[in-house]
Structures are given as structure tokens and as C-alpha cells.
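*Asks:* The sequence shown begins at 1 in full-length UniProt numbering and counts up by one.
It is worth saying that the hints were derived from the structure and are not from the lab. One or more of the hints may lead you astray.
Quick list of the computed label-pair ranges, beta carbon to beta carbon [claimed, not checked]:
id, residue 1, residue 2, range
1, 93, 65, 30 to 38 Å
2, 60, 134, 31 to 39 Å
3, 86, 112, 32 to 40 Å
4, 55, 103, 17 to 25 Å
5, 140, 43, 35 to 43 Å
6, 43, 96, 34 to 42 Å
In silico EDC-like pairs for lysine to aspartate or glutamate, Cα to Cα no more than 20 Å straight-line [to be verified]:
id, residue 1, residue 2
7, 104, 42
8, 61, 51
9, 61, 46
10, 104, 131
We put the CB at the ideal spot given by N, CA and C, even for glycine.
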Amino acid sequence: MVLESSRFWTLRAHLTAEAMAMTRAELPSQGLSPTALAYLGDAVYELFVREQFLFPPSRIKTYHRRVVAQVRAEQQARHLTALRSQLTAAEDDIVRRGRNAAPKRPGRSDPQAYQQATGFEALIGYLYLNDPQRLLELLNHLDFTAPTP
């Protein structure tokens with residue numbers, strides 16, 4: 001179950017209140033490449049997932065195993081597929097740009113899944129900077145309880 005009001009998002013909102021007051025043309029993501037957005041999105045998404053698994057309390061090894069299962073490229077690609085019908089045209093464009101910017105030779109994962117995951121992370125990074133409410137709305141649609149194959 002995704003936490004709707006978390007300390008992480010409250011802190012994020014407090015730290016970026018000034019950024020939120022900017023006009024759309026002044027938003028920080030305007031000059032960032034898709035890979036830079038994906039880099040940020042990777043960190044934001046992992047922190048969000050870690051927060052989801054804090055309760056009930058468990059061993060660090062259990063936390064780690066559950067988080068790793070969710071942040072793998074294959075699982076991120078599945079999450080993107082689940083969200084696809086809910087994305088706006090602009091969000092879909094961010095995903096496409098992120099997917100196309102992904103390195104063609106990923107380390108351990110399927111190249112297509114890796115490209116989809118990079119698109120997913122670019123979207124997360126973009127929304128984190130530009131529309132945190134929309135980001136939270138999309139993240140709340142993800143099923144973190146579903147077993148990963």
C-alpha cells in the first residue's frame with residue numbers, strides 16, 4: 001500500500017517551495033537531458049520504494065530484497081506498462097525521450113526492459129521537479145504488493 005502523506009513528500013515540498021512558485025518556463029527540468037532526468041528519477045523512485053517497505057518493521061536483508069525486486073529494470077518496465085494508459089501526451093513524450101536516450105548495452109538486464117525503465121525513471125525525475133502532485137498520483141497507482149516474476 002502506498003503512503004499518501006509521507007514525510008519524504010512533505011520534506012520535498014518544503015525544500016522546493018521556491019521552485020514551485022516559478023513559472024513553467026523557469027522550471028529546473030527545462031535544460032536537463034533525458035538521462036539527467038532518469039538519473040534523478042532513479043534516486044527518487046528508489047527512496048519512494050524504500051519508504052513503502054519500512055512498515056511493518058523487518059530485517060535490513062528483507063528490506064533490501066523487497067526494494068531490489070521493485071527497482072529492477074524489468075519491474076520498472078512492468079510499472080510503466082501499468083501506467084501507460086494514464087499518461088498524458090507530454091508525459092508519454094518524456095518516457096519516449098528517456099527510452100531513446102538509454103544506453104543500448106545494459107549490464108544485466110534485457111535491453112528493451114532497460115530502455116523502458118530508463119523512460120520510466122525520466123518520467124519520475126521530470127514529475128519530481130515539475131509536478132510532485134501528479135507524480136504522487138501516478139505512484140499511488142503502482143502495485144508494490146504484486147509478486148515479481
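*Asks:* Any of the earlier hints contradicted here, and which numbers?
*Replies:* Hints 3, 4, 5, 6 and 10 not satisfied by this model.
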